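Place chain B on chain A using the hints.
Note that the protein sequences, when read in sequence, are chains A and B.
In this text, residue positions in the first sequence follow my numbering: the first is 1, and each later residue adds one.
In this text, residue positions in the second sequence follow my numbering: the first is 1, and each later residue adds one.
A portion of the hints provided could be inaccurate.
[Stated by the list, open to error] Quick partial rundown of chain B residues pointing at chain A, CB under 7 Å, derived from the structure:
#1 8
#2 9
#3 10
#4 54
#5 56
#6 57
#7 58
#8 61
#9 91
Derived by calculation from the structure, the hints in this document are not laboratory data.
None of the values given here were measured: they were computed from a predicted structure.
Cβ coordinates follow ideal geometry from the N, Cα and C atoms, glycine included.
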Amino acid sequence: MKRTSTIKSAFKTSKYGVPYESCADSFAVSADGKAFAVADGVTKSFIPKSVADALTAFYAGPGSGFAGELFAPENALRLLTDVQQKWESDVHEIESAADELTQYNLSIQRRKYGVGASTFAGIRIDDDGLRYDILGDSCIFLIPYSRDIPPSILTSMPSAVDPTQDHPLICNFGTHPHFLDTSGRIAGKPESGSVPHFYGTILMMTDALAEWYCRHFTAQDSDQATEMLRNISNQEDFEKLIEALRNADLKNDDVALLIVETGISFFDFDHPFGENILGLLPAHDSDESSSAEIDDTQSDKIHEDNSDGSDDSNSGEVDDFSDNSDNIDCNDKGDIDEISNCNDIYESSQSDDINDSNDSREGADLSKGNKNINWLKRLCSKLKLPRLHS
Amino acid sequence: MSYDLNWNSKHPGHIVYLIDLSGSMARTMNGKRLIDIVMDVMYSLFDTLNDEILSGNGVVDLFSATVIGYNSDVYNLLPSASAERFNRFVFESKKRGYLFNTQKGGDAEPNWQTFMADAFDAAAKDIREWIDTQNRKGVKIPAPVVINITDGEPYEGTGVDAVGKALNAANRLKSISTPDGNTLVYNIHFTPDSNATKIVLPDTPPTNKYARFLYDASSVIPASLIDNAKAQWPSSRITANSRAMISNENDVDSLLSFISWGTSTGGVDTSDVTFIEIPKPR
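Extracted from the complex, chain A is given alone in its bound form (with noise of 0.2 Å):
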């Protein structure tokens, strides 16, 4: 079996009102594209945004690397170290070039706050699962492919998910959420672990599209918040979306979205997780139509360091099962081979500078083409939202 990670998309887009190279929230993905992360540089900090990009950069970003729990102990002091360091680099370039009215304005925010502060969600996946590490009111969404599985919230706030009620996505997204600072002190406790088995969709957010998206995931038709996000072909229609959204019912705050798509390349039945995965894909409908989602080709960039010695002779059996799952876009092939533009995501999202902000915001748009934006219209009209303006 040979597990597929595919980056469908990254988008963030600051609070309306503040330019783009103030957005503090941040997001990565590695260049082997096993490795997902956003984070939240929190408002009332001082110079969040470099925190926030710390965070992503150390666990996604070019060299990073660490085995086991992100906050482990001896994680937990690299990680820090290094986040004080980039910090402390950029508060230093900030304040180097600032104007007198700039400097005041910066002492009185190092004086009242003292420290950046950021919250974090990342993912690692590989053969073995889904592993996950998380501080604070950053969330991580798992929407299984089958509807027959609940949906899983992952966050180190108060959480739960009960199908039983209309909203099953429940999350305190409290004012005083966990975070790490430049002090080095990790306030809250982070939730760090793993998903052995999971195939569907993956969505990462900030906590102001989290709030929207638990407050809009009901169970009764759960697949539209989903689609409405899964959609966003570019970042244009991102930033469409959440203006609506703004007019509509999201608090205007800095948005991050990130969204992974995982599957199985190939099934082998002899593989120890077989029934369990059995068990874990959805029962629909034979549907001779979706198997060719998952080419060979493009699993073959998905994985291509991937040599576990599997058989992808197999294949016609994923076909099999894969017809199984018409939650799979087969219109999104286009997309699963983002992967070979991992380094220009993770590029673009550090680079996303003071100074460098359009170059990032293109950079951040990882899918191909520039779809019709009327999807977007006609989701905004089921869900009572304004109108979007072209």
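Showing chain B alone in chain A's frame:
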């Protein structure tokens, strides 16, 4: 009239401060002129408001602010300053050691009489212009807020019904509406007289003529501010009918509390405001 549209960069708020600059503001309290106490109070508030709009090396467009002084004339001391201009104004105030020049010949020197009607009308003009601007931008408009700080009743000379004029002007001001609600008018009467009975956020009209004028000239407290008001003034009877006014206030901290409380109408956090005297330049 929901008054639930909080100020933020998507729909910034607007606040107008009216400061009485009549001659009686030169009276002293504990050795300091009333006008200088009011300026220290305003500086304390502005310092906190400035903190609220800072974000990294930028400024968040949270609100715009106007400061109007009035005596026998009306002075646009700070005309409709955007958050960015407000930030620069506070920075420059700190450098020069005062918000506005209250000394002889200065733009905020206390002098002459109390043409409060003109001040309310000037506020109304400023607010209408702001609403027009926001409408042209196509943004939502939180109900504007006006806070009037005076040490006495309106007076325009003998034979002039200055109180009636001011009340009419206040009512015109209060009638300026937005979808979020009508313009909110807060009034505080600040006095060195420690024997007068203080009237705080009354829910029935006071019997005293001038206190009654302030009552009529003030808005009913927005529902979102009632709990906070009860916490700030626990010994006062505060209800949904209470008016946003205090008469005979002679405590500086309470003056600051009232102005900060009124300023928080749009959800801006003023809970950290503490009284600080404006530092003198080195």
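Now for the hints, and whether the structure bears them out:
1. This hint holds: residue 8 (chain B) has a C-beta 5 Å from the nearest C-beta of chain A, less than the 7 Å allowed.
2. Taking 7 Å as the C-beta cut-off, the interface hint given for residue 9 (chain B) holds, the closest approach to chain A being about 3 Å.
3. Annotation: residue 10 (chain B) was flagged as interfacial toward chain A, and the flag holds, the nearest CB pair being 4 Å apart, inside 7 Å.
4. About 5 Å separates the beta-carbon of residue 54 (chain B) from the nearest beta-carbon of chain A, less than 7 Å, and the hint is met.
5. The beta carbon of residue 56 (chain B) comes within 6 Å of a beta carbon in chain A, closer than 7 Å, and the hint placing it at the interface holds.
6. Because the smallest distance between the Cβ of residue 57 (chain B) and any Cβ of chain A comes to about 5 Å, under 7 Å, the interface hint for this residue holds.
7. Of the supplied interface hints, the one on residue 58 (chain B) holds, with its beta-carbon coming within about 5 Å of a beta-carbon of chain A, less than 7 Å.
8. Of the supplied interface hints, the one on residue 61 (chain B) holds, with its beta-carbon coming within about 5 Å of a beta-carbon of chain A, less than 7 Å.
9. With a cut of 7 Å, the hint placing residue 91 (chain B) at the interface with chain A holds, because the nearest CB-to-CB distance is about 5 Å.
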